[in-house]
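**Q** Sequence:
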Amino acid sequence: MGIFSTAGLFLAVLLCNGVFLQSCLGSESIPAITCIEQERQALLKFKRSLTDTTRLLSSWTGEDCCNWKGIQCDGNTSHVVKLDLVSLDPEAAMQRQ
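1 is the number of the first residue of the sequence shown in full-length UniProt numbering; add one for each residue after it.
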């Protein structure tokens, strides 16, 4: 009986690890991955240096730059890994093809 309870405990730990952690502990237990503040500030500084008359960067507000249009963050580290401004402007995207 002792081996089965140990194996059961081991299995429960494995299931609650990694992918299954959120469902085991509930979604409120796991902090959301959000933008790194230094990178957010750098993006806002970059935005201020531009003249955005067409308001393509209008989504660049709020605390989480990972949700801004044209920004892609790494799901594990929250670092900005891609800045795609061409996709925000349909005319520029067409010219690029």
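These are calculated hints, taken from the structure and not from any lab test. It is possible that part of the hints are untrue.
[Claimed, not checked] In silico DSS-like pairs for lysine-lysine, Cα to Cα no more than 30 Å straight-line:
(1) 82 <-> 69
(2) 69 <-> 47
(3) 47 <-> 82
(4) 45 <-> 69
(5) 82 <-> 45
[As the list claims (entries may be wrong)] Estimated spans, in silico, between C-beta atoms of each pair:
(6) 54 <-> 76: 25 to 35 Å
(7) 38 <-> 69: 13 to 23 Å
(8) 75 <-> 51: 26 to 36 Å
(9) 76 <-> 51: 30 to 40 Å
For glycine and all other residues, C-beta sits at the position ideal for the given N, C-alpha and C.
**Q** Evaluate each hint against the coordinates.
**A** Going down the list of hints, with the structure as the test:
With a CA separation close to 11 Å, the supplied pair residue 82 and residue 69 stays within the 30 Å bound. Between residue 69 and residue 47 the alpha-carbon distance is near 13 Å, which keeps this suggested pair within the 30 Å criterion. A distance of roughly 15 Å separates the Cα atoms of residue 47 and residue 82; the hinted pair therefore holds under the 30 Å criterion. As the CA atoms of residue 45 and residue 69 are separated by approximately 16 Å, the hinted pair is consistent with the 30 Å bound.
With a C-alpha separation of about 17 Å, the suggested pair residue 82 and residue 45 falls inside the 30 Å cut-off, and the hint holds. Checked against the hint of 25 to 35 Å, the C-beta distance between residue 54 and residue 76 comes to roughly 34 Å, which is consistent with it. At roughly 21 Å, the beta-carbon separation of residue 38 and residue 69 lies within the given 13 to 23 Å, and the hint holds. Residue 75 and residue 51 have their C-beta atoms about 33 Å apart, which keeps the hinted 26 to 36 Å range intact.
For the pair residue 76 and residue 51, the supplied restraint of 30 to 40 Å holds, since their beta-carbon distance comes to about 35 Å.
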